Amino acid sequence: MHVKRNTILTIASAAVLIGILYWLSMHQLKQGMLVSIIQKSIIFALVAVSMNLLNGFTGLFSLGQAGFMSIGAYTTAILLIPVKNLDGVYYVNGVHPLIRAFKIFIAESPAWLQSLFPFIALLIGALLAALVAALVGIAVLRLKSDYLAIATLGMSEIIRALCSSPQMDTITNGSYGLNKIPGFPGMFGGLIPPMATPFVVVALCIAFIMLLIKSSYGRAFKAIREDEIAAEAMGINLFKHKEMSFVVSSFFAALAGGLLAMYMRSIEAKTFSISLTYDILLIVVIGGIGSVTGSVLSAFLVTASKEWWLRFFDHPLTIGGWEVPLFRTGFRMIIFSILLMVVVLVYRRGLMGSNEFNWDRLLGRFANLRRKKKSSQGGDR
Amino acid sequence: MSMTTILQHCLTGISLGGAYALIAIGYTLVYGILRLINFTHGDIFMMAGYFMIFSLASFPWPIAIIITLVVTTLLGISIERIAYKPLRSSPRMSIMISAISVSYLLQNMATYLFTAIPKGYPEIPFLKRIFVVGELSASFVTVLTPILTVVLVIFLMLLVNKTKTGIAMRAVSKDFETAKLMGININGIISVTFVIGSFLAGVGSILYFTDRMSVTPFSGTLPGLKCFVAAVFGGIGNIPGAVIGGFFIGIIETLLVAVGYSTFSDAFTFLLLIVMLLVRPTGLFGEKTVEKV
Amino acid sequence: MSTILLKTEHLTMQFGGVVAVDDLNIEIPTGSIIALIGPNGAGKTTAFNVITGGYQPSNGSVFFDGQTIGENSPRTKMKRIYNGSDKTVFTHRVVNTPDRITRLGMARTFQNIRLFKDLTVFENVLIAKHCHIKAGMLSAVFRFNHTEEQAMRHEAEALLKTVGLFDYRDDKASSLPYGKQRRLEIARALATHPKLLLLDEPAAGMNPKETEELALFIQEIKHSFGLTIFLIEHHMNLVMDISDSIYVLDYGKTIAVGDPKEIQKNPAVIRAYLGVEE
Chain B
1 MHVKRNTILT IASAAVLIGI LYWLSMHQLK QGMLVSIIQK SIIFALVAVS
51 MNLLNGFTGL FSLGQAGFMS IGAYTTAILL IPVKNLDGVY YVNGVHPLIR
101 AFKIFIAESP AWLQSLFPFI ALLIGALLAA LVAALVGIAV LRLKSDYLAI
151 ATLGMSEIIR ALCSSPQMDT ITNGSYGLNK IPGFPGMFGG LIPPMATPFV
201 VVALCIAFIM LLIKSSYGRA FKAIREDEIA AEAMGINLFK HKEMSFVVSS
251 FFAALAGGLL AMYMRSIEAK TFSISLTYDI LLIVVIGGIG SVTGSVLSAF
301 LVTASKEWWL RFFDHPLTIG GWEVPLFRTG FRMIIFSILL MVVVLVYRRG
351 LMGSNEFNWD RLLGRFANLR RKKKSSQGGD R
Chain L
1 MSMTTILQHC LTGISLGGAY ALIAIGYTLV YGILRLINFT HGDIFMMAGY
51 FMIFSLASFP WPIAIIITLV VTTLLGISIE RIAYKPLRSS PRMSIMISAI
101 SVSYLLQNMA TYLFTAIPKG YPEIPFLKRI FVVGELSASF VTVLTPILTV
151 VLVIFLMLLV NKTKTGIAMR AVSKDFETAK LMGININGII SVTFVIGSFL
201 AGVGSILYFT DRMSVTPFSG TLPGLKCFVA AVFGGIGNIP GAVIGGFFIG
251 IIETLLVAVG YSTFSDAFTF LLLIVMLLVR PTGLFGEKTV EKV
Chain Y
1 MSTILLKTEH LTMQFGGVVA VDDLNIEIPT GSIIALIGPN GAGKTTAFNV
51 ITGGYQPSNG SVFFDGQTIG ENSPRTKMKR IYNGSDKTVF THRVVNTPDR
101 ITRLGMARTF QNIRLFKDLT VFENVLIAKH CHIKAGMLSA VFRFNHTEEQ
151 AMRHEAEALL KTVGLFDYRD DKASSLPYGK QRRLEIARAL ATHPKLLLLD
201 EPAAGMNPKE TEELALFIQE IKHSFGLTIF LIEHHMNLVM DISDSIYVLD
251 YGKTIAVGDP KEIQKNPAVI RAYLGVEE
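Residue numbers (the numbering used here), protein chains in the order written: chain B, 1 to 381; chain L, 1 to 293; chain Y, 1 to 278.
A hint or two may mislead.
[Unchecked claim] Over the 10 Å line for every Cβ pair with chain B, so calculated as not near, a few chain Y residues:
1. 23
2. 77
3. 97
4. 108
5. 123
6. 133
7. 180
8. 181
9. 192
10. 224
[To be verified] Below, in silico cross-link-like pairs of lysine-lysine (DSS-like), each with a Cα-Cα straight-line distance of 25 Å or less:
11. B:214 with Y:87
12. B:214 with B:4
13. Y:195 with Y:209
14. Y:209 with B:214
15. Y:134 with B:214
16. Y:117 with B:240
17. Y:261 with Y:209
These are computed hints drawn from the structure, not numbers from a lab.
Remember, predicted model here, so these are calculated numbers, not experimental data.
We put the CB at the ideal spot given by N, CA and C, even for glycine.
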């Protein structure tokens, strides 16, 4: 229906968004906070979509995103911290000689390799997480949904314990965390400014995930979600497809973790606690389990709200000399939690339910509003 | 390490295990009846800690204990009514997400009301009195915990096996639909389950925090998860199993910390969970169920 | 001489202390319609579940299209409590999952309809084509298998047209009326390209007219798709109308085998269904 019109609208909006991004990159200094927030939002959009792939489309209730994000974050960070900062960062126990040697090797390699290296680092982190997911999946994917949730939660905690354990000091710097992580690199020799890099990367990733969902394999995932036994009877190998979804989801969660490391410039194991997974779950639920566009919208909504608008709730507010009660630090998190509960209990399908964004639907809504207005204005003119 | 030290650690471990056992019972009961992992249980335990801090500030300890237990139980029941009951016929994922969001809310509420800075847990004088037996020394609460745990469990087993309510509880956990058709008051039974679970969590919280010095809004998360593992270990839905699981994890955890692997003591519990789920998902005493096509 | 497409040998299934299927020996020739009947609880659906790989048999073997797709002998705990009538020892052990068996050419429908409720009618059928996909995940993602995908879609559409559900293709499966849902389940099973179609009570909940239509429908698809049909049914008219041969089960045991005329007159069958006369 209206395929041509929809395509034009989509391209037009994409052009507008790119234009806005470009403008922002020109005025970066003045719009620092805005840039920072939308960068964080887009990173969370990627994790949310990856979580939705697993939980929403395949029906596997996994709470292990934070664990895979930490694998991506740590790997990327370790690979990218500049050689000159190594001693400063690993100030207690020193860095592992192999790591130092590898970094020196990279620092002395040709320029094109060096400019590509941050992306290679992201990829390595993601592949490592995918490997871990493949191994863990063999063990946990045959568990019932309730048990899968706790098992993946536990796995996430185990990974965190490993990353911050004293035994891993020379690699991950144990509980001291890593800092001096370089920020986003530019792409194509500056054609795409550093600030826009996360958007390009995330856009490509989400495109991949959407293509997967719309493919035959994506349909198999949905079948598994709807009725495992029927899916199996229709010839779908349950384990193979569950593993596929799990591995792909973890790959992108880790990639997002790597981007997060570049965004935050310093990370520690505490960053990737269970609360992080809960935060992402919140985004997925509000956006609609089973909707990719819902997750993206929700990521922006939730992140922006948390950082920006709801800071409003955290500071004492005086209206005409009267201090509004309740407004102090931590209040916005309560508002959030209540919001989440309202969505879970009342607006169960979230913002978009299991539907993707659809120009027909949006414009249809406007048409309805106009129609209602016309009829309330009385008869035909 | 000398024998005395080992015994000393065992004693601490048994005490910790007792607290864990009481909390694990809450998980196993709720799972047995609702097939729900009550993610909020650990946070109820945490809130009980705060309730105690505030009651002890204004009332003498016997009254404070009663207040804490009553309020904790009320909290448990309210959560069930508000967050779980409306979703009883929804897919399993929804109710688990609801549990997670309540857990989130409780933690944020605690942070808002009490700040994230650890609050000192007050001392109940008689509980902290030190006993010395030979070379071993322990506070009264360390010795009291396992004994109290066993006593409460015996009461609970009597309740479940000999009373009408108990039989109703077991019927509901075996077959929800049929129990309803047989005229059992489902809502009442579910409330009773949460009352028992929250009450025991409250008791466990008093015993647990008396030995620790402080409470934070996140004090409930890890113990909560560990106690769930304990329940799985013993066979989810099985009360004595949960108790044994609690003691087992408490002792191992204490020993691990004693030999210096404290970072791994938490990881150990989760490793145990994964191993259990792979090797013997029904736990030590659980029963197998076959799904009919 | 027609070949035997499906054959079970001493197939026994025991759950705990109950022998649900006892020493079942059936032969289904290619191109025939064979029925499995019996009072409720006689073990018919269990037999289906074992044959399609849902359970491992306690004892016995299953041959399909020239290969053994399931074989087992009582082991460990079952060895002690085994109560089946037949004690033949089967030396090999062959385990197969339902999805593999489906890909070999055996499809089924379910007693309680198991459609993909929230998906559209079209998607339900299209998903059943996935089992024969040649492209790997990456290939499919980047649409290198465009031709294959288009072919699958055309086949699914054609199938919907054949069963008369094409107009409903964008509707949610759960919104269909009951009779059409049953037909959709059959269409979905057909999409997997089966040689043998197992129908579990396809006429359940239908009135006599609908049952007649179903009988015609089954015979039509058998001809158009070259199928062999194995069905469980309680509607005797349907069974007697279209079956070439009937197996009667009662409490897991086979009490009669024969063509419709013989079965209708068989005293053991009458007794099983109606009880003994005083």
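Cross-check of the supplied hints:
1. 23: With a cut-off of 10 Å, residue 23 (chain Y) remains clear of chain B, as the shortest Cβ separation is near 26 Å.
2. 77: 21 Å, holds
3. 97: Given that some Cβ of chain B is not farther than 10 Å from that of residue 97 (chain Y), nearest at about 7 Å, it is violated.
4. 108: Violated: least Cβ distance 6 Å, not greater than 10 Å.
5. 123: 6 Å, violated
6. 133: Given a closest Cβ separation of 5 Å, the condition is violated.
7. 180: 17 Å, holds
8. 181: 13 Å, holds
9. 192: Residue 192 (chain Y) not clear of chain B: closest Cβ-Cβ about 5 Å, inside 10 Å.
10. 224: The claim stands: residue 224 (chain Y) keeps its Cβ more than 10 Å from every Cβ of chain B (closest is about 20 Å).
11. B:214 with Y:87: 51 Å, violated
12. B:214 with B:4: Distance of about 20 Å is within 25 Å: holds.
13. Y:195 with Y:209: At roughly 28 Å apart (the allowed maximum being 25 Å), residue 209 (chain Y) and residue 195 (chain Y) break the hint.
14. Y:209 with B:214: 40 Å, violated
15. Y:134 with B:214: 17 Å, holds
16. Y:117 with B:240: Status holds; Cα separation ~23 Å.
17. Y:261 with Y:209: 23 Å, holds
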